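S.K.: Spelled out, the chains give:
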Amino acid sequence: MKNSHKNSYAIKVEHLSKYFYLSKERSSSVRDYIINFFKLTKKKKFTALDDISFTVKHGESLGIIGPNGSGKSTLLKILSGIYHPSKGSLKTKGRVISFLELGVGFNEELTGRENIYLNGILIGMRRDYITEHFIKIVEYSGIDKQFLDTPLKYYSSGMKLRLAFAVAIHAEAEIYIMDEVLAVGDSQFQEKCKTSFESIIAAGKTILIVSHNMSYIGQFCSKVLLIENGSIKNFGNPNDIIFQYSTKHNRNRSKYVKNVGLTNATGKLQKIYSVDDVINIEFEVSSIVINKNYYLGLSIKGPNDNTVFDAHMLIDNCKPINKKKYSLTILNHHLRQGSYSIDVTICKGSLTKRVEFIRSAAEFEIIKTIHSAYRGVIDMTYNWR
Amino acid sequence: MRLKRNYIDLLKELVKTDFKLRYKNSVLGLVWVLLKPFLSFLILYLIFGYLFGNQDPNYRLNLLIGLITFQFFTEATSRGLAGLVSRANILLKINFPREIALLAPIINAIINYTFSLIIFFIFWFFNPTPLTWWWLVAPMYFFLLVMFVIGFSLFTSILYVRLRDLETIWEVLSTLIFYATPIIYPISLLPEKFQSIILLNPVAAIIRDIRLILIQGRPPGVFSIIYVGGVSLLMILFGWLYFRKQIKRVSEDF
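Line order of the protein sequences matches chains A and B. Positions 73 to 457 (the numbering used here) are the ones given, in order, by the first sequence. Positions 3 to 256 (the numbering used here) are the ones given, in order, by the second sequence.
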């Protein structure tokens, strides 16, 4: 009996489809409502998920990846029971707990203590269970006990996140469903989150994560599901799929910007830099975008996908090095040791109309210095007195 | 079993949160729970007491019980109507029986009603009416009213997701129903034909029977109980069926 339980599925999705019906004018007032009712306007059918089938066994951790709008969130909402499938079936074995967001129900007017109870009960804990684990939750969050009876509105955003994560991590279930909630707080707290997450995996729980952070997926997931345009593109070994996905989405697909590379002061390609090196980000811009009011943006991302730096320019205002080749020279990068990546954005007309986005178009590393024991991303210039 | 237990915890927590938030940051705080119905009674009494007070020796008690019962009705229906929409942020993230989101504000209205009853009994103490065994029937009427309100909210909360005019419509309509219900004026003021039409409104019938029991100490008519009971139970039955059928689709429209 026990054996069969071990080998059996935790989540089984069979031929699941989800359609949304979009009426052109959404009827949200009486007038529209009546008009639409009598006109019987044909609604546009939109297929968000198309015939999805997969099985997750007990103790497995599945990462779901895919571009924005591919249907990941819809799938997650169906798995959490918020949406109902239009077709097909979904079966789960064991208690499911889902974190589509941290700190659901948090109320600014209530105190930290009251919010722990409210949020905990909302995500499925019993009241006496929270009382039992209350001290542990507070200790985990690292919030000073004196703030417990202060309304949440006086908390910093970091404190709120830590509190929310602390409650979440103490929930007990067999199946965990999460949407990008892995990394919160400062680096110290993130380490704690990672450790807790590893222990959930070690405890043989079933986990389902949606994330854009490929390093997390690679680190924690035993299987990966790649979704594109509402259907399954690939399902299986994380390394292969992540590689396939990131190469496809980063290099080949780019239409406007190509060959992003990093060179040192002498113009040689280089990946590793020291604290006082000059970094050139070089890239080729396709002729389609020249003289057409396009903006190019480069952002440097540090650990955990946080943007450290971001610069934009109107391509037409810039003189290229040669025909199509442009560059951004960073004279003093002020970065501390660690790995960084560069995202490229192309916008048309204004900075809000994005036409292309290349995640991790290039990567580089800053090597250790005398300050190697120091934490943080930025190496500020400072004086002690 | 474990799950069921949590849903009761959840309902309690939502009720508690609503209650706490209501008077948070107000100086008088909980006192308002008593003061508010008392003040609205006082206003109406000062204005209409002169008009109708002479004909009815128990005008004060009649007005008070009628007013707080109707206030319960408006509070519970308007908050029940907004029950799903006002918690959309939670409902879009967490799965639990959606009925809980409706029951929480209605239970809060019940709590407010019981506080208002304190005012009624203070007035009753100084001007007592006969205390009879029929008083035991009065809570049943309130129970039926609660059933009616829950059924009503099961319907309207779903409709309100797609039709946001409903809140305003109901606000206006409930004011109309208030004046169409003999609360500040005696029903005898109306022509007889009109009286039976007015009493088709279950809230008016419930208020009339509660007054009959508490103020006059007389039993309500059997036919009236059957009518009020039937309407309330049908309301909650069809409300629940409608809710069950629609709730699966409605979360996409929040």
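Hints were generated in silico from the structure; no laboratory data involved. Fair warning: there could be bad hints in the mix.
[Said to hold, decoys possible] Partner residues aside, some chain A positions facing chain B, computed with beta carbon under 8 angstroms:
no., residue
1, Lys84
2, Leu88
3, Tyr91
4, Phe92
5, Leu94
6, Val102
7, Ser152
8, Ile154
9, Glu181
10, Leu182
11, Tyr288
12, Gly290
If you're wondering where the values come from, they're calculated on a predicted model, not measured in any experiment. Glycine included, every Cβ here is placed at the ideal spot set by N, Cα and C.
S.K.: Could you run down the list of hints and mark each one as holding or not?
M.R.: Hints, one by one, checked against the model:
no.	hint	result
1	Lys84	violated, 18 angstroms
2	Leu88	violated, 15 angstroms
3	Tyr91	violated, 10 angstroms
4	Phe92	holds, 6 angstroms
5	Leu94	violated, 10 angstroms
6	Val102	holds, 5 angstroms
7	Ser152	holds, 6 angstroms
8	Ile154	holds, 6 angstroms
9	Glu181	holds, 5 angstroms
10	Leu182	holds, 7 angstroms
11	Tyr288	violated, 21 angstroms
12	Gly290	violated, 27 angstroms
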